[in-house]
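Asker: Spelled out from the first residue to the last, the chains are:
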Amino acid sequence: MKLVTAIIQPHRLDSVRQALTDIGINGLTITEVRGYGRQKGHTEIYRGAEYTISFTPKLKIEVALADDRVDDAISAITQAARTGKVGDGKIFVFELLAAQRVRTGETGDDAL
Amino acid sequence: MKLVTAIIQPHRLDSVRQALTDIGINGLTITEVRGYGRQKGHTEIYRGAEYTISFTPKLKIEVALADDRVDDAISAITQAARTGKVGDGKIFVFELLAAQRVRTGETGDDAL
Amino acid sequence: MKLVTAIIQPHRLDSVRQALTDIGINGLTITEVRGYGRQKGHTEIYRGAEYTISFTPKLKIEVALADDRVDDAISAITQAARTGKVGDGKIFVFELLAAQRVRTGETGDDAL
Amino acid sequence: MINAADTAWMLTSTALVLLMTLPALGLFYGGLVQAKNILSVLVQCTAVAAMCSILWFAFGYSLSYSGDGDWLGDGAAFFLGNLARDTVRPGTHIPESVYVMFQMTFAVITPALIIGAYVERIRFAAVLLISALWLLIVYAPVAHWVWGGGWLAKMGVMDFAGGIVVHVTAGVSALVIAWMIAPRHEFPHGIRPPHAPWMVMVGASLLWVGWFGFNAGSAVSSGADAGMAMLATHLSAASATLAWMAIEWIKFGKPSLVGAVTGTIAGLATITPAAGVAGPLGAVLLGVAAGCVCYVAVWAVKRVMRVDDALDVLGVHGVGGAMGTMLLPFVSLAGAGGGHLNHAVGPQLQAQAIAVLAVALFSAIATFVITKLADRLVGLRVNLEHETQGLDFATHGETGYHVNR
Amino acid sequence: MINAADTAWMLTSTALVLLMTLPALGLFYGGLVQAKNILSVLVQCTAVAAMCSILWFAFGYSLSYSGDGDWLGDGAAFFLGNLARDTVRPGTHIPESVYVMFQMTFAVITPALIIGAYVERIRFAAVLLISALWLLIVYAPVAHWVWGGGWLAKMGVMDFAGGIVVHVTAGVSALVIAWMIAPRHEFPHGIRPPHAPWMVMVGASLLWVGWFGFNAGSAVSSGADAGMAMLATHLSAASATLAWMAIEWIKFGKPSLVGAVTGTIAGLATITPAAGVAGPLGAVLLGVAAGCVCYVAVWAVKRVMRVDDALDVLGVHGVGGAMGTMLLPFVSLAGAGGGHLNHAVGPQLQAQAIAVLAVALFSAIATFVITKLADRLVGLRVNLEHETQGLDFATHGETGYHVNR
Amino acid sequence: MINAADTAWMLTSTALVLLMTLPALGLFYGGLVQAKNILSVLVQCTAVAAMCSILWFAFGYSLSYSGDGDWLGDGAAFFLGNLARDTVRPGTHIPESVYVMFQMTFAVITPALIIGAYVERIRFAAVLLISALWLLIVYAPVAHWVWGGGWLAKMGVMDFAGGIVVHVTAGVSALVIAWMIAPRHEFPHGIRPPHAPWMVMVGASLLWVGWFGFNAGSAVSSGADAGMAMLATHLSAASATLAWMAIEWIKFGKPSLVGAVTGTIAGLATITPAAGVAGPLGAVLLGVAAGCVCYVAVWAVKRVMRVDDALDVLGVHGVGGAMGTMLLPFVSLAGAGGGHLNHAVGPQLQAQAIAVLAVALFSAIATFVITKLADRLVGLRVNLEHETQGLDFATHGETGYHVNR
Ligand SMILES: Nc1ncnc2c1ncn2[C@@H]1O[C@H](COP(=O)(O)OP(=O)(O)O)[C@@H](O)[C@H]1O
Ligand SMILES: Nc1ncnc2c1ncn2[C@@H]1O[C@H](COP(=O)(O)OP(=O)(O)O)[C@@H](O)[C@H]1O
Ligand SMILES: Nc1ncnc2c1ncn2[C@@H]1O[C@H](COP(=O)(O)OP(=O)(O)O)[C@@H](O)[C@H]1O
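Chains as they are written, first to last, in the numbering used here: chain A, 1 to 112; chain B, 113 to 224; chain C, 225 to 336; chain D, 337 to 741; chain E, 742 to 1146; chain F, 1147 to 1551.
Chain A extracted, bound-state conformation (with noise of 0.2 Å):
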């Protein structure tokens, strides 16, 4: 199994889940970070001051599936996140040892 991680814009959840569902991939979970990259973040004036705020916000997917769903995961994701600006984020892929289901205690592909 592998872990599929991808960080994307925030706007982008909705269609990268969609896309998702449609090659018949249904959970994930997702969390709020923050990034920093090429896209170099903003700068806010508060009063006349300029604040620099580095990092732009992101949501990073986290999807772990089988070895052979991998590439399809990776261009849905791909596909389905693509603004062509610069911030479209990352996806990493990470070597999944084992996986378990908490509520029925299944392991492996089954528990996922």
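Since the hints were made in silico from the structure, they are not lab data.
Check each hint, because a few of them may be wrong.
Derived pair list, reagent style DSBU-like, types lysine-lysine, alpha-carbon separation capped at 35 Å [stated by the list, open to error]:
(1) K197/B x K264/C
(2) K264/C x K895/E
(3) K85/A x K1400/F
(4) K895/E x K1113/E
(5) K2/A x K1300/F
(6) K152/B x K708/D
(7) K2/A x K226/C
(8) K1113/E x K590/D
(9) K152/B x K197/B
(10) K85/A x K1397/F
(11) K1113/E x K264/C
(12) K197/B x K114/B
(13) K995/E x K309/C
(14) K1518/F x K995/E
(15) K152/B x K590/D
(16) K40/A x K1518/F
(17) K309/C x K992/E
(18) K226/C x K85/A
(19) K708/D x K85/A
(20) K152/B x K85/A
(21) K152/B x K2/A
(22) K114/B x K264/C
(23) K197/B x K40/A
(24) K85/A x K197/B
(25) K309/C x K85/A
(26) K85/A x K264/C
Partner residues are not named here, just some residues of chain D that face chain B (Cβ under 7 Å, in silico) [claimed, not checked]:
(27) W487
(28) P530
(29) W585
(30) I586
(31) G589
(32) T598
(33) V640
(34) R717
In this text, a Cβ means the ideal position worked out from N, Cα and C, and glycines have one as well.
Starting from the structure of chain A, add chains B, C, D, E and F with the ligands where the hints point.
Answerer: Here is chains B, C, D, E and F with the ligands on its own, set in the frame of chain A:
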């Protein structure tokens, strides 16, 4: 070393932490996450209009530990987190290549 | 590629980011987390009643990088994050099987 | 001659009505939008309040309350150029400065009410342009017709505190703008829930309190009329709140906070025109009607008309104000404590109906023209990217909540 | 005959006292609970306010203020059926409509105070049922006894603004309900801290301001009595705030915001009965006593009695109100500016004591019966799952904070 | 002899001015700081308000308003020992109790304004010590000079509601303290943005409403003067809001909420001394000046003087108050409705200038001494660790937002 990650129902946090300390695991990191899976979220109604909240609040617990503690940890978490309802969550296990304690620079198991 | 994850004291964020950019690492993702470990949290008192807050606010920093940058990154983070107090945090290293930039579809080191 | 007691109450009422716009309406509306647009709503309320105050001083007051033409006031009071310190407002016992100021708070909140129609997608320049033109072209004349001795006043139309002048004008115009600016891009299914229901309740509560100044202050004196107006206002708000809660409880099994306080506002808007003639019982009954009818109206605008009047200005204010204006003749007869009508029930009802229809029609047409103009001159909508990003940062360069380290 | 100046002040006071319930008390209580229950507290305040207003109009006012029976008013004013627009309230110079309305705000806040006892675990239906019965069975009679010419009034008992009628009744009843509904399941050790201390402070501040209407308005006239009552009220609040802060600073080294404003409310509740007879010095001293005694009382209820009176209604309001009522005879003697007692100190003290005990006892018994009844009819508690999930969603279907994208 | 109508308005005004400190100023300042310091700001406002009320009762009122010495009042009214229930304040028609209370709210907000200078880094003990000494050593004498019959009053200096007594004293002293306590450690580049702009707006709105009591209440009567003062106050606030917004819009393309409401406060502070002589047109013009000049002043203090007057007390209040005081003679001539000066324009201007300079100088020196003393006795700053951690937990043991499960 391994990293055990558990997605649980927020209100189970205290019992899970207790269960882990009971088996001598005294370090962990938690993150507010939102989840999507068989448990399909809920709807809220304002002024007669329905709003679908597809994601449910969950907590992610991350515990880094020595290989030989993994099974105990998993079973401790499973028992403490289980309510038997859809949405109880998942446990994932990852390989942890290296660990270091910032304060002392200790590495490996000593860092945990 | 590797993913270096660091749990740090929130107020060290700016110096850690600085330290990383100094060694040419220009991308990272941070997450608000809460931690539990040797540092045992704190108590707050309201109307004479004690409330235990077992978890301390921390920040999780995630940096994906090429294998040869890992050691520099770790030492940069350690130095920048260290205050010498209990609760300074941990650094964890994971294997990163694949990475892809959403915007361009670039993969591997080019995606970082 | 100035009566210090009347003046004391009117000074207080003025403060209470200002409270309704700043911050009450801001909180009520701000809590209903998404977190990324909270500040934009508050800027809009603040800017509209400030701008309309200056316009009122410059032209509005004179156009509404100077001279007794049928259609419009004259220019004698432009820039309040003829306002001596101790002039007494004719027909009252308070200084004209207080009357100007009290009426100014009405001129401020009415365009501010319309904000609810176009939040989360409008250009800030359009907000200012539309509000400015609307104040002078719609509000000022209608205020003159009904309260300034114009043709409706001469017809004996009764509108104690603004069911027609404030709520019908604002409600109808809100619908027109909402329809012309088109729905938010997620409408109707992707709309996010109110980001802070607690804030909605705080705003509604302050509106409730402020409405005591709005309605009881409209007696322009301290005494029995103000007292009964306050009592009627409160009872209508209370029964409308209960009515709306009851409906939700029955329909969904869950009476919501947002629903309850929406009922409150419906009850307040509905009693507004009738606060001068309603006794306690009449007020309670009118409140029940307000809760039920406005509940349906809100639903109808969204689902049947499919117009994205985002915060239900027509459904709550327009419909409530119109209903109160129409039912006023009957309400005055319900139980003890009612006031006198200008005509017998039949003719009064007819006058009320004419007024509602005429004002609704006029508001709709004038607002249509104003909005078209604004569209030409500055454009109505922000682009999709800004709408997605949220107006707080896109338009005002700020972030609503910086709770993170 | 109506005095416009007295009326002006009473209209203002009425607005101020409504502000105390909506939104002040809602914010004060709402900030003290967990984030998942904030909305439920606000719905409870809103619904209780609306419902008790209607009940006051229908029965309460008449039972409290119509007729001069020893035990209860008569039915002559049911549904305010006999309220003409310009009736003057006997013994005052204000329209009866204003008197009804002013007293209504008291009838609204008193049951609302009790909410603090049972938050985070009660069924919404129980809130409504208990509050409704309580208003008519406990509040109305006691108001009649003390303020409506009943047996305590005839005995010369002094309670200027509600130390007995409002705070003792609410405090004692709160304890009874808290005890009967049983503690929240995490009580005492798992309870989470107040989710928004800033909100608690805002609520307390608005309560402070509103209390000026509550106490100075209880003079039912504009003049020296109202003036001295306001001064005394403010000074007591100030010194109680400092006292509570001092205690925390000494005990824990950290004076907290929640502590300071809790002291404020204690000082306000304590001066309430004595605001008509206290001079500045007496008020300051009474405030210090309030801060110290209520601090201990809050602790005692939680730790010694182990009752989960969640937001300390007895400790702050009950104890404060009772203390002020008992110390009133002495306070009136402290320094300049004090007012007259009905009797010499000794007999006055005796009358005060009888009143406090009788009312406390009556409230306890009646509330016990009411709560038992409510338990039978609708059940008191939500189930554990709903309690864990939070009442906002479980009962009202809403979420307090939607700050996330 | 007591005039009940004047009293009614003054009772109301007192409530409005208290509202300005609690919670308005707390929200205005609290929203501007970081989330980790929100509670500390609110504790500071609460504690300063409570403590200064008691000090005012004990010494302040007597030192300011008892006796007619050139430099300072006498001790005749210490502890209000000579205040009978029905004493009338000489020169007014209200009870002295009301006058004491009204002035107390001024004595409370003035030291509270200074809080804006030293937030996010000061020791709580220093806040209390500095505020206490400052009230007695700076505020009380200056109030006596200008309002208590002191040398400036005798010179015919005009300061209707506190441009000199409140805003110049607070502004100048704020700068001195900010400079002595040194900047926050991230100043100027690491400073975080306001954590809750919405809260800033709510605070500003309540300040706007409360200011009606502050300025119109300073007429100490209900009538034409109060009426014109309220109108002038509102118009100045409105035009200053628009001016500040316009500047930001032109300079940055994004008119911000924080900017708009900062303009509001600038307009209110600036009209304060002139509210008694300004007609509508004069008020509008003065407001425009306020918006523009204070915008520059705020920038100059931060960037040119490089002093970390964190929330811009000097730039907004000090500069605004001084400007209004100096422009007052001209403003009184602009358009209809202006009031009379004590002297011809020239001499009046001279008197105003002398007053501003003398008071600014005196405030600066006295505050320097007070702050040095406080540094010796309790220390001014928390240590870096506590500053980083945030004062909410470090000093008060609380957390501002517990929204998480
Ligand atoms: N090396 C990295 N490690 C972890 N996260 C990264 C890394 N580089 C970028 N990110 C995340 O990806 C987001 C987008 O990256 P950025 O370089 O800004 O745009 P793009 O991916 O389009 O080039 C960043 O905000 C950050 O959250
Ligand atoms: N494939 C997945 N990848 C990552 N997280 C998942 C996945 N499936 C489920 N989850 C997480 O586990 C939570 C519970 O899963 P769900 O299917 O709803 O209930 P259950 O685990 O009891 O079957 C979800 O809310 C989500 O956070
Ligand atoms: N075994 C662990 N697994 C995951 N996170 C951990 C673990 N131990 C500690 N942490 C994280 O590291 C933080 C600091 O650890 P702690 O033991 O408190 O201090 P130190 O690292 O200085 O000894 C904790 O707050 C927690 O977030």
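Asker: If a hint holds in the structure, say so; if it doesn't, say that too.
Answerer: Hints versus structure:
no., hint, in the structure
1, K197/B x K264/C, "holds, 32 Å"
2, K264/C x K895/E, "violated, 62 Å"
3, K85/A x K1400/F, "holds, 23 Å"
4, K895/E x K1113/E, "holds, 33 Å"
5, K2/A x K1300/F, "violated, 86 Å"
6, K152/B x K708/D, "violated, 44 Å"
7, K2/A x K226/C, "holds, 15 Å"
8, K1113/E x K590/D, "holds, 24 Å"
9, K152/B x K197/B, "holds, 12 Å"
10, K85/A x K1397/F, "holds, 27 Å"
11, K1113/E x K264/C, "violated, 44 Å"
12, K197/B x K114/B, "holds, 28 Å"
13, K995/E x K309/C, "holds, 23 Å"
14, K1518/F x K995/E, "holds, 24 Å"
15, K152/B x K590/D, "holds, 20 Å"
16, K40/A x K1518/F, "violated, 44 Å"
17, K309/C x K992/E, "holds, 27 Å"
18, K226/C x K85/A, "holds, 26 Å"
19, K708/D x K85/A, "holds, 34 Å"
20, K152/B x K85/A, "holds, 32 Å"
21, K152/B x K2/A, "holds, 23 Å"
22, K114/B x K264/C, "holds, 23 Å"
23, K197/B x K40/A, "violated, 43 Å"
24, K85/A x K197/B, "violated, 41 Å"
25, K309/C x K85/A, "violated, 41 Å"
26, K85/A x K264/C, "violated, 43 Å"
27, W487, "violated, 37 Å"
28, P530, "holds, 6 Å"
29, W585, "violated, 12 Å"
30, I586, "violated, 13 Å"
31, G589, "violated, 10 Å"
32, T598, "holds, 6 Å"
33, V640, "violated, 12 Å"
34, R717, "violated, 22 Å"
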